[in-house]
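> Here is what each chain is made of, one letter per residue.
There are 2 protein chains.
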Amino acid sequence: MTLTGQQLIGFATSVDPQKSFTGINAATGQTLEPAFYEASAAEIDQAIKLADQAFGRYRQTTPERRATFLDTIGEEILKAGDELIQLCMQETALPEARLTGERMRTVNQLKLFAQLLREGSWVEARIDTALPDRQPPRPDLRRMLVPLGPVGVFGASNFPLAFSVAGGDTASALAAGCPVVFKGHPAHPGTSELVGQAIIRAAKATGMPEGVFSLVQGASIAVGMAIVEHPLIKAIGFTGSYRGGKAIFDAAMRRDEPIPVYAEMGSTNPVFILPGILKEKGAAVAEGLAGSVTLGVGQFCTNPGLFVTLHGPDSDTFIAQTGELLTKSACGSMLTSGIFKAYQEGIKKLAAIPGTQRITQSNGDGQKAYATLLQTSAKNLLVHPELAEEVFGPSSVAVTADSKEELLQLAAQLRGHLTATVHGTEADLKEYASLLDILTQKVGRILINGYPTGVEVSHAMQHGGPFPATTDSRSTSVGSAAIGRFARPVCYQNFPNDLLPDALKTENPLKIWRLVNGEWTK
Amino acid sequence: MTLTGQQLIGFATSVDPQKSFTGINAATGQTLEPAFYEASAAEIDQAIKLADQAFGRYRQTTPERRATFLDTIGEEILKAGDELIQLCMQETALPEARLTGERMRTVNQLKLFAQLLREGSWVEARIDTALPDRQPPRPDLRRMLVPLGPVGVFGASNFPLAFSVAGGDTASALAAGCPVVFKGHPAHPGTSELVGQAIIRAAKATGMPEGVFSLVQGASIAVGMAIVEHPLIKAIGFTGSYRGGKAIFDAAMRRDEPIPVYAEMGSTNPVFILPGILKEKGAAVAEGLAGSVTLGVGQFCTNPGLFVTLHGPDSDTFIAQTGELLTKSACGSMLTSGIFKAYQEGIKKLAAIPGTQRITQSNGDGQKAYATLLQTSAKNLLVHPELAEEVFGPSSVAVTADSKEELLQLAAQLRGHLTATVHGTEADLKEYASLLDILTQKVGRILINGYPTGVEVSHAMQHGGPFPATTDSRSTSVGSAAIGRFARPVCYQNFPNDLLPDALKTENPLKIWRLVNGEWTK
Numbered sequence: 009m010t011l012t013g014q015q016l017i018g019f020a021t022s023v024d025p026q027k028s029f030t031g032i033n034a035a036t037g038q039t040l041e042p043a044f045y046e047a048s049a050a051e052i053d054q055a056i057k058l059a060d061q062a063f064g065r066y067r068q069t070t071p072e073r074r075a076t077f078l079d080t081i082g083e084e085i086l087k088a089g090d091e092l093i094q095l096c097m098q099e100t101a102l103p104e105a106r107l108t109g110e111r112m113r114t115v116n117q118l119k120l121f122a123q124l125l126r127e128g129s130w131v132e133a134r135i136d137t138a139l140p141d142r143q144p145p146r147p148d149l150r151r152m153l154v155p156l157g158p159v160g161v162f163g164a165s166n167f168p169l170a171f172s173v174a175g176g177d178t179a180s181a182l183a184a185g186c187p188v189v190f191k192g193h194p195a196h197p198g199t200s201e202l203v204g205q206a207i208i209r210a211a212k213a214t215g216m217p218e219g220v221f222s223l224v225q226g227a228s229i230a231v232g233m234a235i236v237e238h239p240l241i242k243a244i245g246f247t248g249s250y251r252g253g254k255a256i257f258d259a260a261m262r263r264d265e266p267i268p269v270y271a272e273m274g275s276t277n278p279v280f281i282l283p284g285i286l287k288e289k290g291a292a293v294a295e296g297l298a299g300s301v302t303l304g305v306g307q308f309c310t311n312p313g314l315f316v317t318l319h320g321p322d323s324d325t326f327i328a329q330t331g332e333l334l335t336k337s338a339c340g341s342m343l344t345s346g347i348f349k350a351y352q353e354g355i356k357k358l359a360a361i362p363g364t365q366r367i368t369q370s371n372g373d374g375q376k377a378y379a380t381l382l383q384t385s386a387k388n389l390l391v392h393p394e395l396a397e398e399v400f401g402p403s404s405v406a407v408t409a410d411s412k413e414e415l416l417q418l419a420a421q422l423r424g425h426l427t428a429t430v431h432g433t434e435a436d437l438k439e440y441a442s443l444l445d446i447l448t449q450k451v452g453r454i455l456i457n458g459y460p461t462g463v464e465v466s467h468a469m470q471h472g473g474p475f476p477a478t479t480d481s482r483s484t485s486v487g488s489a490a491i492g493r494f495a496r497p498v499c500y501q502n503f504p505n506d507l508l509p510d511a512l513k514t515e516n517p518l519k520i521w522r523l524v525n526g527e528w529t530k
Numbered sequence: 009m010t011l012t013g014q015q016l017i018g019f020a021t022s023v024d025p026q027k028s029f030t031g032i033n034a035a036t037g038q039t040l041e042p043a044f045y046e047a048s049a050a051e052i053d054q055a056i057k058l059a060d061q062a063f064g065r066y067r068q069t070t071p072e073r074r075a076t077f078l079d080t081i082g083e084e085i086l087k088a089g090d091e092l093i094q095l096c097m098q099e100t101a102l103p104e105a106r107l108t109g110e111r112m113r114t115v116n117q118l119k120l121f122a123q124l125l126r127e128g129s130w131v132e133a134r135i136d137t138a139l140p141d142r143q144p145p146r147p148d149l150r151r152m153l154v155p156l157g158p159v160g161v162f163g164a165s166n167f168p169l170a171f172s173v174a175g176g177d178t179a180s181a182l183a184a185g186c187p188v189v190f191k192g193h194p195a196h197p198g199t200s201e202l203v204g205q206a207i208i209r210a211a212k213a214t215g216m217p218e219g220v221f222s223l224v225q226g227a228s229i230a231v232g233m234a235i236v237e238h239p240l241i242k243a244i245g246f247t248g249s250y251r252g253g254k255a256i257f258d259a260a261m262r263r264d265e266p267i268p269v270y271a272e273m274g275s276t277n278p279v280f281i282l283p284g285i286l287k288e289k290g291a292a293v294a295e296g297l298a299g300s301v302t303l304g305v306g307q308f309c310t311n312p313g314l315f316v317t318l319h320g321p322d323s324d325t326f327i328a329q330t331g332e333l334l335t336k337s338a339c340g341s342m343l344t345s346g347i348f349k350a351y352q353e354g355i356k357k358l359a360a361i362p363g364t365q366r367i368t369q370s371n372g373d374g375q376k377a378y379a380t381l382l383q384t385s386a387k388n389l390l391v392h393p394e395l396a397e398e399v400f401g402p403s404s405v406a407v408t409a410d411s412k413e414e415l416l417q418l419a420a421q422l423r424g425h426l427t428a429t430v431h432g433t434e435a436d437l438k439e440y441a442s443l444l445d446i447l448t449q450k451v452g453r454i455l456i457n458g459y460p461t462g463v464e465v466s467h468a469m470q471h472g473g474p475f476p477a478t479t480d481s482r483s484t485s486v487g488s489a490a491i492g493r494f495a496r497p498v499c500y501q502n503f504p505n506d507l508l509p510d511a512l513k514t515e516n517p518l519k520i521w522r523l524v525n526g527e528w529t530k
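Protein chains in written order, with our numbering: chain A, 9 to 530; chain B, 9 to 530.
Here chain A stands alone, though its shape is the one from the complex (with noise of 0.2 Å):
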């Protein structure tokens, strides 16, 4: 496969080349061949105009036919093979065997989405069948959910292929009906033109229309912009920082028409460890804790950026133990230069505020990132809340309360995050039973004697959380309960069981779950 530096619109490339930019080698620093053309405000209204235009038959396909879909994206990614892997790790640092991974996690939640097309409930169908001599008569009402239209979705720098071009946000738009128009990140543009050109060839291979899917690429705040402000763009899905994912959820509230922005921003993921686990178990949870901290180098926004004890000499040797640990951590590349400077300036604010103490000595050097571990109390960082603000990176920051209630005031002081995790034995999460009601109220997850990287693709996974963590905290961006975030419901009254979609069909040709006069029905 040839990489052509090309916008993908349609089934066709597109080059305007007045703009271009290049991959860079994560590790070496060195320019990667070929330039890659940033997209022109006419190739982006193109390519929303070909997805509006592919809508139309787009979300009249069967279930069948876009589950085909997304099976034959995952096969296609698979036969772009080891050229893909490798490809990507040059452009991100990352290593073989997480990619490898990552590819698999993302072949896997297309087959997830697959799947639940074919089982079919997740339309949501209700319905309540007339009665015609109640006064007044009831019509015949039936609910399903239909697609938004065309989605614009954001490439993640930090996994070039599980939450990109065919990740989760492409997964389940493309599975709700919705076609998208995709903006690559500009730190993986040649993994971002691999996977887009598999996700075409499948397009052309299951005989979808035209338009169901382009790519378009750029490093300017304009490409992206132009999409969100583009009339016939339905809703946005992203993942990144909290001033990319704030910029265009405040440009999509201005449009004439406001549209759903589901912005992942990224959290600190406060951790809670319990007095009598951290007597009981202290080494253990250090040595989980500082590896979770130090995964992927930290580039993860699941990664636990703060975690809390009661002072004492238990805790004095707990955090002395995911110093140490932390210290002795392997130092790594992370995705872009911009990150790492982002990551030491970070560290270096945060050591500056007043009654802050750095455990850890150094947090990199020309190259390579190391982890950091910075120490306060609760009482200062309630003075200084941006201590609780994410830097992404290797980095967490130890904070010790001298009482209970200390520890419960911090924990109501939080802003939303992803996750919360506590570690407790049985008598500390008795003791504790307020925190747990506190945190839950701040989180999209709440784990027990865990640790919050990892985030599983299933049914029962929630990967949100109250705003900062996300501009919509009613939604998830992993597992299958995404899908709904592209569709909204369509009451159909009065229809004639014929004009019906097969999901509302008197006879239940799709054989789902559906609510008839209120009980759940097969």
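Some clues are possibly wrong.
Unchecked claim - SDA-like cross-link-like pairs, simulated, lysine to any residue; straight-line CA separation at most 25 Å: (1) 519(A) <-> 520(B); (2) 254(B) <-> 261(A); (3) 289(B) <-> 140(A); (4) 519(A) <-> 127(B); (5) 438(B) <-> 240(A); (6) 119(B) <-> 88(B); (7) 254(B) <-> 240(A); (8) 27(A) <-> 347(A).
No lab work stands behind these hints, which were simulated from the structure alone.
With chain A's structure known, arrange chain B on it following the hints.
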């Protein structure tokens, strides 16, 4: 029961005498006693802080206790008896039969949500059990909906009971576990207070925490904005004008923490009458349509403000018949003098658009609104899309298209509406299948051979639609699915069974439907 004219804050009344306003007898224009005080900023802050405090206990109440609370609200509203109906008649000029019917609907809405709580499956429980032997191991994951937090709800003028103090948004928010701070509509302050008192009595009788409900009143925009902008408010429900709803939406999006806004802002609910049925049953459809246009003096958000036919002798007859029926229809007092004035001005504005003819002659005398019919061509509507904008009241615009293509083009140009309706014979519907497909993209509810007024409160209802009909097409303000507005999912990872909420415990003590490892089961 005595009207105090004061705010109902928690379990107490409160008065800040700086500003007051009065209810108006909608039929006579006379001032009603007593005067009502406007809530001050301090009172609103107090109500919201009480709601936030109440949230801690209220979210932990069992579904059965919340169901009893809702049922008791209904009983207390019925106990308010004829006094409530008579006062409401004065404040709104709505007739007694309509208001006793609306009261029953309001009570039934509360009962519907009580049933939903007792049945319990609304929390959408999903369980993926642990796979400890898989590589990597899968943790135990359990996901359900939890309440968002204190909700601000705005009453609508046109449903002083069913979309006001104890209306759908209040019922669904309280059902979900969210305290409510209600902004009473200034067009029926006495009705609001009587219903507010009923809710407070029910809260006390069923042992709900103080602050679970408060009612603040006011005629100034500042009162509502103080709710929308308060950091402890986590969602907004609103039914009313585009101008009001959009201002609230914009303010909520500008907050440090943007929050969901469910604003239902009305629409013109286009009706398409196809050629076959126009010939076969034109007179009957004209009668049904005129009845729908004038129902409740046209003061419904589902009022059919636009209908479309193919130009020809049948459509000439149809429009003339509809015009005659509208001319002969009973005229009536509107809800407020402001609404009446806006109706008269709205008609004047539409009639002044070039290419528009008046079919009916007058739209009201000094006191009462008359039904209005205007006529224009599809070509003219495409040039002047403002002809498709809502004029609240008993009016409609007859649009004639010169061809099927023009009719489809007009449909494709429509913005979002709550409903769309198609009248057709079997042959019509077959020939115009693409019309149904286009309209499905534009609305929340699509009807065949019916009339859009009359919104059933049931499981399969969808009362919503794409912007500008609402600010969130993913949601409904009527029917049991409305409970989803005020909830978000949380995933519990690796929780001991006894620390899980009942809905997620392994033994399924609530006997609810749950998605366990991908299979729905009870």
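> With reference to the structure, classify each hint as holding or not holding.
Hints, one by one, checked against the model:
no. : hint              : verdict
1   : 519(A) <-> 520(B) : 21 Å, holds
2   : 254(B) <-> 261(A) : 11 Å, holds
3   : 289(B) <-> 140(A) : 21 Å, holds
4   : 519(A) <-> 127(B) : 23 Å, holds
5   : 438(B) <-> 240(A) : 28 Å, violated
6   : 119(B) <-> 88(B)  : 17 Å, holds
7   : 254(B) <-> 240(A) : 20 Å, holds
8   : 27(A) <-> 347(A)  : 23 Å, holds
Hint 5 from the list above is the single one not met by this structure.
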